[in-house]
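K.L.:
In my numbering, the protein residues as written are 239 to 501.
What the hints contain is simulated information worked out from the structure, not anything from laboratory work.
All values reported here derive from a predicted model rather than from experimental measurement.
Backbone N, C-alpha and C fix where the C-beta goes; we use that ideal spot for every residue, glycine too.
Wrong hints could be hidden among the right ones.
[Stated by the list, open to error] Okay, the calculated beta carbon distance ranges per label pair:
1. 257 with 323: 45 to 51 Å
2. 481 with 421: 30 to 36 Å
3. 257 with 359: 20 to 26 Å
4. 482 with 274: 45 to 51 Å
[Said to hold, decoys possible] Lysine-lysine pairs mimicking DSSO-like chemistry, simulated, CA-CA at most 27 Å apart:
5. 482 with 326
6. 435 with 501
7. 464 with 435
8. 482 with 394
9. 259 with 319
10. 501 with 487
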Amino acid sequence: MPELPEVETTVRELRKKISGKKLRKLFIFDRRLGRLRLPLPLTIHSVDRHGKYIVLHSDFGKILLHLRMSGRLLLKREQSKISVLPEKHERARFVFSGGSVLRFFDPRRFGTLEWRKDGLPEMGVNPMSSEFDQESFRDILHSRSRGLKALLLDQKLVAGLGNIYADESLWHAKVNPRRASDSLSRAEIQHLTASIKEVLREAIKRGGFTLRDYRKPSGGEGSYQKFRKVYDREGLPCSRCRSKIERVKIGGRSTYFCPRCQK
DNA sequence: CCCGGCGCCTGAGGGC
DNA sequence: TGCCCTCAGGCGCCGG
Numbered sequence: 239m240p241e242l243p244e245v246e247t248t249v250r251e252l253r254k255k256i257s258g259k260k261l262r263k264l265f266i267f268d269r270r271l272g273r274l275r276l277p278l279p280l281t282i283h284s285v286d287r288h289g290k291y292i293v294l295h296s297d298f299g300k301i302l303l304h305l306r307m308s309g310r311l312l313l314k315r316e317q318s319k320i321s322v323l324p325e326k327h328e329r330a331r332f333v334f335s336g337g338s339v340l341r342f343f344d345p346r347r348f349g350t351l352e353w354r355k356d357g358l359p360e361m362g363v364n365p366m367s368s369e370f371d372q373e374s375f376r377d378i379l380h381s382r383s384r385g386l387k388a389l390l391l392d393q394k395l396v397a398g399l400g401n402i403y404a405d406e407s408l409w410h411a412k413v414n415p416r417r418a419s420d421s422l423s424r425a426e427i428q429h430l431t432a433s434i435k436e437v438l439r440e441a442i443k444r445g446g447f448t449l450r451d452y453r454k455p456s457g458g459e460g461s462y463q464k465f466r467k468v469y470d471r472e473g474l475p476c477s478r479c480r481s482k483i484e485r486v487k488i489g490g491r492s493t494y495f496c497p498r499c500q501k
């Protein structure tokens, strides 16, 4: 699932529904998540996004969730007594006072859950922030020579882009993913900066991108997939120039682009 | 420092 | 229906 827009969508729904709630119980069904040893009950004061991490701020430190490839959260209100047996692919369950139950599903089991008294994982600039502009992005791109696609996916440089939104942003900016990061002109950097912000903004507005696993905590699907230009569109016509979208491997990741209009 | 390759897991989908 | 292969929205580690 989850890149910045999907995590942001998840965080916004959780923020509305569990801020101020008392976490009464935490069930861990998958041993590889480890034991959190949380002092329960505790109160969730607020919910934030840190790159692709979901951060629950409590009165005893932060609870960090990372959904990786196939994780998703589902929040329901449940009146009746519920079974303590996990549902299919349910890896953890947060039970709140008042009947809200947050389930963490993760078929592939790459997701992580941790408790930190303080500090957050090292993370690059938030591309939605005003701090991310042509100047700061140019510093990042030109401070080293790397494949552009790989750089965009490096969370320690720009936090939140993943395979889908990197490809979509590059298409909008008409830049080829095979370019070296330090080969971009000022005009291209300006265009790419704006494209990243616009693609992410639009995707958040649509509630993210639902291909397979991803759902909003309410269970609904995002709709940005309807607006995508290249991702998973191999062989289909580019909406700008009608050329066939190509798929190649870059850094082990499928990369979709238009060979004609992305220079 | 950079890159490609692989492993972590499970399930879905296509070809035969 | 079943088998085998490939692929998947992430990321950390390894060796060249």
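K.L.:
Can you let me know if the beta-carbon spacing of residue 481 and residue 421 is within 30 to 36 Å?
P.N.:
With a Cβ separation near 22 Å, residue 481 and residue 421 fall outside 30 to 36 Å, so the hint is violated.
K.L.:
Between the beta carbons of residue 482 and residue 274, is the distance compatible with 45 to 51 Å?
P.N.:
This hint holds: roughly 49 Å between Cβ atoms.
K.L.:
Sort out whether residue 326 lies within 27 Å of residue 482, counting only the CA atoms.
P.N.:
violated, 40 Å
K.L.:
Does the structure keep residue 501 and residue 487 at a Cα separation of 27 Å or less?
P.N.:
Satisfied, since the Cα-Cα distance of roughly 17 Å is no more than 27 Å.
K.L.:
Does the alpha-carbon distance linking residue 464 and residue 435 stay inside the 27 Å limit?
P.N.:
holds, 18 Å
K.L.:
Return holds or violated for the Cβ distance of residue 257 and residue 323 against the range 45 to 51 Å.
P.N.:
Cβ of residue 257 to Cβ of residue 323: about 29 Å, so the range 45 to 51 Å is violated.
K.L.:
Taking the CB of residue 257 and the CB of residue 359, does the distance hold inside 20 to 26 Å?
P.N.:
holds, 22 Å
K.L.:
Given the hinted pair residue 435 and residue 501, is their alpha-carbon gap at most 27 Å?
P.N.:
Holds - the C-alpha atoms of residue 501 and residue 435 are around 20 Å apart, at most 27 Å.
K.L.:
Check the hint pairing residue 482 with residue 394 against an upper bound of 27 Å on the C-alpha distance.
P.N.:
Violated: residue 482 and residue 394 sit about 33 Å apart, past 27 Å.
K.L.:
Run the distance test for residue 259 versus residue 319: straight-line Cα separation, threshold 27 Å.
P.N.:
holds, 19 Å
Going through the hint list in order, the structure does not satisfy hints 1, 2, 5, 8.
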